[in-house]
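Visitor: What follows is the residue order along each chain.
Protein chains: 2
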Amino acid sequence: MSNQSAEDRLIARYFAPIAKDPGALGLVDDAAVLVPPADCDLVLKTDPIVASVHFFPDDPPAAIARKALRVNLSDLAAKGARPLGFLLSLALPAEIGDAWLSAFAQGLGADAEHFACPLLGGDTDRTPGLLTVTIAALGAVPRGTMVKRSSAQPGDRVVVTGTVGDSALGVRLRKQPELAASWGVDAAGRAHLVDRYLVPQPRLAIAEIIRRFASAAMDISDGLAGDFAKLCRASGVGGDVDVTRVPLSGAARAALDRDPSAIEPILTGGDDYEILATVPAAQLGAFRAETAARGVIVSEIGAIAAGPGEGRLVGRDGQPLKFARPSFSHF
Amino acid sequence: MSNQSAEDRLIARYFAPIAKDPGALGLVDDAAVLVPPADCDLVLKTDPIVASVHFFPDDPPAAIARKALRVNLSDLAAKGARPLGFLLSLALPAEIGDAWLSAFAQGLGADAEHFACPLLGGDTDRTPGLLTVTIAALGAVPRGTMVKRSSAQPGDRVVVTGTVGDSALGVRLRKQPELAASWGVDAAGRAHLVDRYLVPQPRLAIAEIIRRFASAAMDISDGLAGDFAKLCRASGVGGDVDVTRVPLSGAARAALDRDPSAIEPILTGGDDYEILATVPAAQLGAFRAETAARGVIVSEIGAIAAGPGEGRLVGRDGQPLKFARPSFSHF
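Residue numbers (my numbering), protein chains in the order written: chain A, 123 to 453; chain B, 123 to 453.
Chain A with its partners taken away, still in its complex shape (with noise of 0.2 Å):
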């Protein structure tokens, strides 16, 4: 239409047709709108993702789309919340033309299927600054049902899905390629470490199963150490984690093989985008069936105990280590 802006022709090209909920009304409200379903409470979730911090510039498009819905859905996936929709706000500097554009939408389309969570409204910017992409989703749990990070008590056995460090190895391999020889890494694990940093894999799979069986949870988004610690301070207790049972990939196994002090980023270095969880200990073989089900593959890491305490990563030694900085934080 003659005087559709800019923006508006952009939403109509690009994010229109992969808002196909009733709910995003075509995208041409002011406002989405959305049945919450019946006797549920909202889980609300917003975690931005910025070009330099959070990904790098060239990171395919498709790639950076699925990467920002992912952290949100696995917030969502760690408080049992099954995905509602979600919102984009896209900040986009000049260079970005219709080629990435087009990829970013496909690939934020194909995932908003596959993981059933549509996109319902929006907003895009031209900005001078920095690529940044921001999601705020939104899902449901039955009403009081979501799982705290707040509520772990003392004898219950800590969780972990998947594997850990895979993603802070991998950035440290963009930056720095050469470390892949030195670590003794072929280039099927390289392309593991790096695809974990670029794609996380939201654990909603089991989101249900967590919420019917865990105590607490919470996703490792800063680093297995300081995640655990957050969640003993947030419920009050003390625990250990054995570190020799934190589960890695065997590329991260082989870098750690060849070089010690990998262990740092593998425990500290965040973007792991798995689920920390406490599970009474009575409960945690029907825990494990039901996720081993599902293919999602879980370890036994560690026990809460009585508070006021700390949670601690604990060696072979039997000491906790000490870690110069245990959270990742971009401050």
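Please note: incorrect hints may appear among the correct ones.
[Claimed, not checked] Reference excerpt, derived from the structure (chain A facing chain B, CB under 7 Å, subset only): (1) Leu252; (2) Glu412; (3) Ala415.
[Said to hold, decoys possible] Not the full set, but computed from the structure, chain A residues with beta-carbon under 10 Å of chain B: (4) Asp197; (5) Asp247; (6) Ala259; (7) Gly348.
These are computed hints drawn from the structure, not numbers from a lab.
C-beta: ideal position from N, C-alpha, C; glycine also.
Given chain A, work out where chain B should sit, using these hints.
Guide: Frame of chain A, contents of chain B only:
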């Protein structure tokens, strides 16, 4: 605590004290929880503001916070929704320090309380880019009653709240202070115009009246000319707004009398955050009485015609005005 991150400390110090809603969980969990009101639809909106794009970097931090929230509340009001709460994503350049954050949080907390729209959660990051404040706001309407843009009917009257164009003149005065003299705007007039840009007034006081009376509505963020055209396009109707009836403040009127070219920023400059609505002619009297009782001035400025057509602004000579750029866009 010893291993609390800088981000955690910042949140605990400045934002936890203003996040009093129980659903915010003290801002120490991964996500917020919200019990949706019974028999309501959720209304969802996100609209970020970026330094040097939507505000001046040296604006008072409390004003930046209030603008960030209010541009979203303005959309909720136009949709007939009452606010439920919001999520905040804050991207902070390195130079932002304690004094700035303290004033920002204070302004945000005051508005959250004033508009009964609590801070529920969010994220704070340092950025090498521009200061960006992204708010995602949630509101509620009784099931099925959100006021859309797309439902204006032929014969409806076109109304607008408050005055139009102040903000666009205010931003020009900020950039070119010498315009005040050529516009014949005194100190009080200048303060009025500049303040209208700095801190918008969301029309939540009449949100419920909009919901009961308006056949269609939107907030004016990109200028009356372009936004009226958008409303007509979304509704598949035409319509004329009589430019001589568009409500102007005393200061804007003074500027326009001295400088007829000011009509273009007044009608296309954006950032008004007033509500543009259509109301069935038979209900206009009751609508005006109820809005007046809430202290909000509403002006009747035009009428909707059968479509398809376009939404036009018609001048004193009965001819449609042509603008170089009818709708404000950052693109």
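Visitor: Each hint: holds or not?
Guide: Going down the list of hints, with the structure as the test:
About 4 Å separates the beta-carbon of A/Leu252 from the nearest beta-carbon of chain B, less than 7 Å, and the hint is met. Checking A/Glu412 against chain B by beta carbon gives a least distance of about 22 Å; that is not within 7 Å, so the hint is violated. Interface restraint check: A/Ala415 against chain B, minimum CB-CB distance 25 Å, threshold 7 Å, status violated. Nearest Cβ of chain B to the Cβ of A/Asp197: about 4 Å, under the 10 Å cut. The hint holds.
Restraint check, A/Asp247 versus chain B: the minimum CB separation of about 5 Å is within 10 Å; hint holds. With a cut of 10 Å, the hint placing A/Ala259 at the interface with chain B holds, because the nearest CB-to-CB distance is about 9 Å. Hint on A/Gly348 holds. Least Cβ distance to chain B is approximately 6 Å, under the 10 Å limit.
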